[in-house]
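Chains as they are written, first to last, in this note's numbering: chain X, 1 to 322; chain Z, 323 to 644.
Hints in this document: simulated from the structure, not taken from any laboratory. Source: prediction; values computed, not measured. Just so you know, even glycine gets a beta-carbon here, dropped at the ideal spot from N, CA and C. Check each hint, because a few of them may be wrong.
Ranges between beta-carbon positions, derived for each pair [what the hints assert, rightly or not]:
(1) A430(Z) to T112(X): 37 to 47 Å
(2) E95(X) to E592(Z): 40 to 50 Å
(3) E618(Z) to Q141(X): 48 to 58 Å
Each chain, written out:
Protein chains: 2
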Amino acid sequence: MLSEFTLISRYFERPARPDGRVVLGVGDDCALVQTTPGMQTAISTDMLVEGRHFFPGADPHLLGHKCLAVNLSDLAAMGATPIGFTLALALPSVEESWLAAFSAGMFALADTYGCELIGGDTTKGPLTISITVFGEVPAGQALRRDAALPGDDIWISGTLGDARLALAAYRKELSLSSEALDAVAMRMHAPSPRLALGTALRGIAHAAIDISDGLVGDLGHILKRSGVGARLDVDALPLGSTLQGQAQPLRRAFALAGGDDYELCFTASEQHRDVVLEAAQRAAIPVTRVGSIVVEPGLKLIDAGGTIIELSLRSFDHFSSL
Amino acid sequence: MLSEFTLISRYFERPARPDGRVVLGVGDDCALVQTTPGMQTAISTDMLVEGRHFFPGADPHLLGHKCLAVNLSDLAAMGATPIGFTLALALPSVEESWLAAFSAGMFALADTYGCELIGGDTTKGPLTISITVFGEVPAGQALRRDAALPGDDIWISGTLGDARLALAAYRKELSLSSEALDAVAMRMHAPSPRLALGTALRGIAHAAIDISDGLVGDLGHILKRSGVGARLDVDALPLGSTLQGQAQPLRRAFALAGGDDYELCFTASEQHRDVVLEAAQRAAIPVTRVGSIVVEPGLKLIDAGGTIIELSLRSFDHFSSL
Numbered sequence: 001m002l003s004e005f006t007l008i009s010r011y012f013e014r015p016a017r018p019d020g021r022v023v024l025g026v027g028d029d030c031a032l033v034q035t036t037p038g039m040q041t042a043i044s045t046d047m048l049v050e051g052r053h054f055f056p057g058a059d060p061h062l063l064g065h066k067c068l069a070v071n072l073s074d075l076a077a078m079g080a081t082p083i084g085f086t087l088a089l090a091l092p093s094v095e096e097s098w099l100a101a102f103s104a105g106m107f108a109l110a111d112t113y114g115c116e117l118i119g120g121d122t123t124k125g126p127l128t129i130s131i132t133v134f135g136e137v138p139a140g141q142a143l144r145r146d147a148a149l150p151g152d153d154i155w156i157s158g159t160l161g162d163a164r165l166a167l168a169a170y171r172k173e174l175s176l177s178s179e180a181l182d183a184v185a186m187r188m189h190a191p192s193p194r195l196a197l198g199t200a201l202r203g204i205a206h207a208a209i210d211i212s213d214g215l216v217g218d219l220g221h222i223l224k225r226s227g228v229g230a231r232l233d234v235d236a237l238p239l240g241s242t243l244q245g246q247a248q249p250l251r252r253a254f255a256l257a258g259g260d261d262y263e264l265c266f267t268a269s270e271q272h273r274d275v276v277l278e279a280a281q282r283a284a285i286p287v288t289r290v291g292s293i294v295v296e297p298g299l300k301l302i303d304a305g306g307t308i309i310e311l312s313l314r315s316f317d318h319f320s321s322l
Numbered sequence: 323m324l325s326e327f328t329l330i331s332r333y334f335e336r337p338a339r340p341d342g343r344v345v346l347g348v349g350d351d352c353a354l355v356q357t358t359p360g361m362q363t364a365i366s367t368d369m370l371v372e373g374r375h376f377f378p379g380a381d382p383h384l385l386g387h388k389c390l391a392v393n394l395s396d397l398a399a400m401g402a403t404p405i406g407f408t409l410a411l412a413l414p415s416v417e418e419s420w421l422a423a424f425s426a427g428m429f430a431l432a433d434t435y436g437c438e439l440i441g442g443d444t445t446k447g448p449l450t451i452s453i454t455v456f457g458e459v460p461a462g463q464a465l466r467r468d469a470a471l472p473g474d475d476i477w478i479s480g481t482l483g484d485a486r487l488a489l490a491a492y493r494k495e496l497s498l499s500s501e502a503l504d505a506v507a508m509r510m511h512a513p514s515p516r517l518a519l520g521t522a523l524r525g526i527a528h529a530a531i532d533i534s535d536g537l538v539g540d541l542g543h544i545l546k547r548s549g550v551g552a553r554l555d556v557d558a559l560p561l562g563s564t565l566q567g568q569a570q571p572l573r574r575a576f577a578l579a580g581g582d583d584y585e586l587c588f589t590a591s592e593q594h595r596d597v598v599l600e601a602a603q604r605a606a607i608p609v610t611r612v613g614s615i616v617v618e619p620g621l622k623l624i625d626a627g628g629t630i631i632e633l634s635l636r637s638f639d640h641f642s643s644l
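Let the sequences and hints guide you as you build the complete structure.
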């Protein structure tokens with residue numbers, strides 16, 4: 001039987017990176033981080049619960065990746081560069097093979113972005129993973145939700161809806177070929193945080209958010225905080241390659257309110273279209289212009305023919321199905 | 323039915339303090355914090371699970387206090403000043419009266435120490451509370467676990483063992499009068515983080531840790547990290563006022579390995595006894611000298627007569643009872 005302390009040190013303690021800003025990592029009462037003058041610290045936290053955010057028995061390597069990815073996605077949405085994260089982990093039992101795979105998946109992503117695990121807590125309990133991530137952004141340059149301006153273009157990175165398509169297939173709401181399921185499953189299980197795009201958009205984008213609960217709901221947060229409205233061109237939405245083969249109502253529903261996309265939705269002045277495209281090219285992440293911010297509050301969905309369409313959509317809400 | 327977003331805003335969103343370092347609080351992808359030049363950021367995280375760290379049906383006001391207190395205790399043990407915290411909360415259902423009491427208990431303690439709630443996540447799940455707290459400490463002045471030196475005195479703040487006595491009474495391992503139970507229950511449910519002492523000890527104490535899992539286990543972390551040993555005068559330990567009335571074996575066991583004390587254990591040069599006592603007086607927190615750091619590894623327990631005593635003690639380990 002591994003003790004909590006052995007467990008922590010075997011799977012989660014690694015030497016601090018020699019070039020890093022982490023003065024003291026896992027193993028003391030607190031971690032110590034040296035912040036950079038002129039930078040603000042960006043901090044975000046997410047909690048994932050078995051059976052709610054991932055299936056019981058989920059692959060631990062992918063799960064380790066995803067738990068950190070959804071947090072890094074929040075840093076991306078602020079235009080912040082990752083520094084480190086803490087991990088609080090409740091486990092029903094100690095299974096070394098699970099821990100080895102989980103930590104390997106998590107560290108592989110962490111190392112990609114130079115984000116160090118600096119502290120944590122482990123306890124017995126229903127499988128629950130809570131990560132707090134922090135990074136840095138130059139003072140005044142963070143991409144906030146409250147900064148959209150009337151006349152701004154609305155942009156989306158990557159594609160939408162394939163993660164939701166995977167969920168639908170798992171739930172037997174529809175059936176996919178095994179090749180198609182494999183493709184969309186990776187969108188669901190292994191999202192790529194758009195960090196390079198977030199930092200490339202500093203000083204260019206006005207407002208930004210990451211799309212975790214569905215575009216309509218998340219864009220809605222920008223609109224509310226910024227005190228503006230939007231027109232969204234539904235037929236311009238960049239669809240996941242597998243979703244493209246589905247019928248129109250499902251394409252629209254999953255692109256607009258699928259959830260688990262982890263793409264960025266951001267606004268920028270229409271004078272800056274070329275600059276946005278150059279930034280996206282620098283970040284090697286495609287972006288698509290899908291609408292515009294307007295003065296009048298509310299979100300209008302418009303099809304390619306210019307007709308306003310009515311859809312009954314609901315963004316993902318962790319308590320709405322209680 | 324309250325939605326997740328309504329829930330967050332009703333109980334957990336408050337305006338940022340005008341004098342604070344929090345540039346952007348709850349409600350965006352990340353919070354933004356302005357750190358102070360010359361300071362390092364101290365970060366710690368803890369997770370509390372119903373049935374493991376607190377009883378099912380625990381008073382939500384006290385629980386809100388305790389969840390934050392145990393995190394602030396980690397800042398105290400580093401000599402750091404609190405800035406803010408994030409809260410990740412899994413709830414089996416939305417009960418407004420529970421949320422109102424929980425947030426009130428948490429904010430009352432947060433306001434005492436000027437520690438702002440800057441972000442969070444709420445989800446459906448077995449009741450689990452994960453807090454990440456961060457603060458600041460002047461570069462180079464943090465009280466680390468690895469800094470104890472042979473010849474150092476070992477000091478303890480406050481008193482030990484009463485929280486464990488409360489647990490024993492709840493578990494019917496012993497019986498207490500209702501007055502006695504009320505007194506020790508507050509030690510268990512409403513610990514006071516020793517923040518004033520932690521900051522007063524900057525530049526004075528060498529190593530420090532907060533006693534959450536029992537003195538022997540937590541002092542053991544200092545010894546291991548510092549590569550030293552210790553002699554502990556068991557009869558000098560400051561006992562909780564209720565524990566003092568119990569039989570010797572229980573007094574010793576609960577003081578040495580009770581858990582949930584949230585006092586500081588720290589070491590300082592024996593030349594600095596007066597300075598330590600002055601710092602404690604400034605912080606209005608009593609401290610007691612209970613032993614000394616020695617070169618030879620291992621922890622020796624010694625009674626008032628100078629005899630080495632053997633006790634079978636086990637520090638609290640969240641997986642040891644699996």
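task = With 48 to 58 Å as the target window, see if E618(Z) and Q141(X) comply at their CB atoms.
result = holds, 55 Å
inquiry  = The hint says 37 to 47 Å between A430(Z) and T112(X); measuring C-beta to C-beta, is that right?
reply    = At roughly 42 Å between Cβ atoms, T112(X) and A430(Z) fall inside 37 to 47 Å, so the hint holds.
key: Outcome of range test on Cβ distance (E95(X), E592(Z); 40 to 50 Å)   = At 47 Å between Cβs, range holds.
The structure shown violates none of the earlier numbered hints.
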